[in-house]
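Undergrad: Here is what each chain is made of, one letter per residue.
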Amino acid sequence: MYAIGSGRIAPDRLDATFAALADPTRRGILARLAAGEASVTELAQPFAMSQPAISKHLKVLERAGLISRGRDAQRRPRRLEAKRLGEATKWLERYRRFWEGRYHQLDALLDELKTKGNRSGDRR
Amino acid sequence: MKSAETLKITTPSERELVMTRVFDAPRTLVYDAHTKPELVRRWLLGPPGWSMPVCEIDLRVGGTYRYVWRRDQDGTEMGMGGVYREIRAPERIVSTERFDEAWYPGEAVGTLVLVEQGGKTTLTYTMLYQSREARDAVIKSNMESGVTASYDRLAELLAAPQGVR
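Chains as they are written, first to last, in my numbering: chain A, 1 to 124; chain B, 1001 to 1165.
It is worth saying that the hints were derived from the structure and are not from the lab. Predicted model only: the values in this text are computed from it and were never measured. Using N, Cα and C, we set each Cβ at its ideal position, and we do this for glycine too. A few of these clues could be false.
[Unchecked claim] Ranges of calculated distance between the beta carbons of each label pair, as one might list FRET restraints:
(1) A:S50 - B:S1013: 19 to 29 Å
(2) A:K114 - B:V1113: 19 to 29 Å
(3) A:E42 - B:E1091: 40 to 50 Å
(4) B:S1013 - A:S39: 22 to 32 Å
With the rest of the complex left out, here is chain B:
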């Protein structure tokens, strides 16, 4: 069993969220898994019980992508899509993102960066929201009671890349 890599999430500025994760694979594969519909729909799924009936990707600058997820139990659908702004295979993709039932104002811009070293790939995904208000709306809409962040989790968040010891 290889040990699971951890996903780190930080908020380096008022409008950004950044996710970092290492994958044990060359970046061409990680890139393919983000750009080929038949591969994307294998992992970009929702929680258990959800499928991804629509996954269309027109991979060129100005091209669009569209994802729809469906909860199989009751047919509830969720869609999102956007436009590719920058494509540099296999290392960088910049695209806009908007949910059909947007719960935040404006579009968000996502930047995917893949860096390969020693056969492993570090993925960095930066979501830039149009405004602080937009990011906070996302945050607020996801806020739920129930789970209390433990100090362990906190330590992990605080130990994020730029953390000072």
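In isolation and in its complexed conformation, chain A is listed as follows:
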């Protein structure tokens, strides 16, 4: 939160990335693709969604640069563009670490308060 570094990605691209990540189905698709490339049919299976609906999500992900199409012209498998996703998650990761540190301190404080409360009945 305080670490003010240098911006490295054009904001509109980052914007598209986060908009794409904001949807649970699209996050699910990315999680599936993290395990390896997959065709549209394969991607549609776990989601109980029509292929056109999945295709729409894939288009959003593609526009955000988060996925691309493989070479196999028949299957047209989609695959994860890890670099783009990494740029977006990198920031979240830094933010998460920062807060994780604070919340560890809060854990310690809460433990202390609980002990105090048990010992002296009602101190608060």
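Chain A is already provided as a structure; the job is to place chain B on it using the hints.
TA: Chain B only, in chain A's frame:
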């Protein structure tokens, strides 16, 4: 040793960031730790080497709060504050947030929700930025090279509450 709870961060919409974390304590304590200055300054610290010389809280709707952090080494200060919009002890606080040297346009609105179950408290903190541009400015200002997100971290992010398997 109890296992550490993990903090999850998601971006459920274009203007929001949401943090979720479970604490092994009743929510009255978690609430106190967010509203009593003498407790807040014990944990809401910056990185090592930073102290929190100012921590003022006027806990009522329309009341203000003000936090200042100082890097002890060179005296660099960072301040922020805001106004309480909604207070429902011990479960919900809505407040505005603005940094002195704001690097994003407008104010952000933070909503803290505490839910207790079986002696544990789930904290959900939602930051709503005024615009997509504001949130992205925050994101951009924090963007740094160096750490490459590993697939493990990625999996964790993707496994966030609404994630589809």
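Undergrad: Next, verify each hint and record whether it holds.
TA: Evaluated hints:
A beta carbon spacing of about 24 Å between S50 (chain A) and S1013 (chain B) agrees with the range 19 to 29 Å that was offered as a hint. Range check, K114 (chain A) to V1113 (chain B): about 21 Å between beta-carbon atoms, so the 19 to 29 Å window is met. The hinted range of 40 to 50 Å is satisfied by E42 (chain A) and E1091 (chain B), whose Cβ atoms lie roughly 44 Å apart. S1013 (chain B) and S39 (chain A) have their C-beta atoms about 30 Å apart, which keeps the hinted 22 to 32 Å range intact.
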